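S.K.: Here's the letter readout for the chains.
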Amino acid sequence: MSVLVLVEHDGKSIKDATLATVTAASKLGEVHALVAGNNVDAVTQGAAKIAGVAKVYAASAPALEHQLAEAVAPVAAGLMESHDAFVVPATTTGKNIAPRVAALLDVMQITDILSVEGPDTFTRPIYAGNAIATVKSKDAKKVITVRTTAFEKAAAEGGSGTVEQVDAAGDPGTSSFVSLDASESERPELTSAKVIVSGGRAFGSSDQFHALLDPLADKLGAAVGASRAAVDAGYAPNDYQVGQTGKIVAPEVYVAIGISGAIQHLAGMKDSKTIIAINKDEEAPIFQVADIGLVGDLFKIVPELTEKL
Amino acid sequence: MKVLVAVKRVIDFNVKPRVKMDGSGVDLANVKMSMNPFDEIAVEEAIRLKEKGVATEIVAVSVGPAKAQETLRTALAMGADRAILVQTDEEVEPLGVAKILAKIAGEEQPQLVILGKQAIDDDNNATGQMLAALLGWPQGTFASKVEVSDSATVTREVDGGLETVKLNLPAVVTTDLRLNEPRYASLPNIMKAKSKPLATKAPADYGVDTARRLETLKVVEPAKRQAGIKVGSVDELVERLKGLGIAK
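Heads up: the protein sequence lines correspond to chains U and H, in order. Numbering of the first sequence is given in our numbering, commencing with residue 1 and proceeding in unit increments. Numbering of the second sequence is given in our numbering, commencing with residue 1 and proceeding in unit increments.
Hints listed in this document are in silico derivations from the structure and should not be mistaken for laboratory results. Keep in mind that the hints are not guaranteed to be accurate.
The calculated label-pair distances, taken between Cβ atoms and stated as ranges, are [claimed, not checked]:
no., chain 1, residue 1, chain 2, residue 2, range
1, U, G204, H, E57, 40 to 46 Å
2, H, E57, U, E186, 22 to 28 Å
3, U, S13, H, S195, 42 to 48 Å
4, U, S192, H, T153, 43 to 49 Å
Pairs of lysine to aspartate or glutamate, EDC-like flavour, derived with a Cα cap of 20 Å [as the list claims (entries may be wrong)]:
no., chain 1, residue 1, chain 2, residue 2
5, H, K224, U, D271
6, H, K218, H, E70
7, H, K224, U, D84
Given the structure is predicted, the values throughout are model-derived calculations rather than measurements. Using N, Cα and C, we set each Cβ at its ideal position, and we do this for glycine too.
Sequences and hints are given; from them, build the entire structure.
M.R.: Below, the structure written as structure tokens:
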């Protein structure tokens, strides 16, 4: 069985989500990687070095520069003539592209897999992670998106895949990239951070959210996250949001401050290795999942903690 | 221009889903059901396009059981003009729903199809993208802003920030949470909605085979985390953080 993995990249470097996806794909068969973009030599070379990647297909064209689904899907669907599965990280890029490829192949996608149970059997979360379904695909070819926090990362070095240039045509020209308003931050990215400090609505305002959390995050070298309630209240931008409808994270240490622990938030962080909760409400559901809890007023605790670290 | 909106009847988002003892699925007996929250946002966006004079007619479509009529009546009460229920008691997968919607789009010729980015029951996040593929239309997924003139400019919520794309019409848009805040239907509008047209069809009317491709073998509750310990002071917490190797 040969498996095609879509490489997640920004034109310069490979994103960690790719490495976990390679691990998931290697459970199904020989892993080939697709790098779609414009002038992607560096990314292609990087992909060939990932342990377990036997072959890299490089599709380079101006129309692929921003990896729009309309342009990438036909390239991937073409390569699927010689592959049995298309395996994609469940990032916003992957989630945009994979179902489009699945429909072109007349295949029902297997979304957000947590484990590979067999060549056609997988587990996946449903109902915001409140239930785990084991599903068996009857399609001859599979299209799969991978919950990357559920798989170890493959080694970024050590592989020696061959590189093949492939036809990058097929963009129907119906869509075009206008702009990317990138969130600028010197902190680590949420989805790859080792430590995350996350704040909830208890912070009361955007000013207090940043004034208290940013120094603590800096001390810990952590990324800053937020609950949906905090984002909805305007304390933090949307791309800070951790939860079922935001980002799914699984850092070494997750510090939840002033977050009650709604189901929708827990679904996004409960696979973290160690969870620390600070909340003034002793009965808050967050304490039911926390490894270490501290009950008290965050406005006193957070500055004291920052100072003592 | 005509706008097509797809809506799904799902478990109400305030209800905690319970896994059935026999592992066959989630228990939906006597559970409150509502319109999928992302689909409410899709309906609201269509109505706003009509209020701006961009859209002229809004057609709401649902693929589901007879009771999905209630979901469509909600869409009509919010402001959709008419509705189509493609009635089936099977749980149709996104691929099947996309095929039915593609056929309806062929008949209705909308310039825009708006869907929620995902349903909160099966969490697939796939129907919109599949529909766009089947129609050969461009897609603006996870939209937080939509502007429509002779093309659609869609701002998308992506992992690294906000991406804006321009789409030729016709196009498919899927909604993210911050696109808008859906309105509540007023009582007079709920009454009015009862007399708006609602056509009932079957998947076979569109020649679509909705047989499932994924067989659910079992459904279980996720592994529970054990609650840990509570510390009594910041000093103790600092010691714990040192123990974890993230503080010096």
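S.K.: Would you mind marking each hint as holding or not holding in the structure?
M.R.: Hint check:
no.	hint	verdict
1	U:G204 - H:E57: 40 to 46 Å	holds (45 Å)
2	H:E57 - U:E186: 22 to 28 Å	violated (50 Å)
3	U:S13 - H:S195: 42 to 48 Å	violated (59 Å)
4	U:S192 - H:T153: 43 to 49 Å	violated (31 Å)
5	H:K224 - U:D271	holds (10 Å)
6	H:K218 - H:E70	violated (30 Å)
7	H:K224 - U:D84	violated (35 Å)
Hints 2, 3, 4, 6, 7, counting from the list given before, are not met by this structure.
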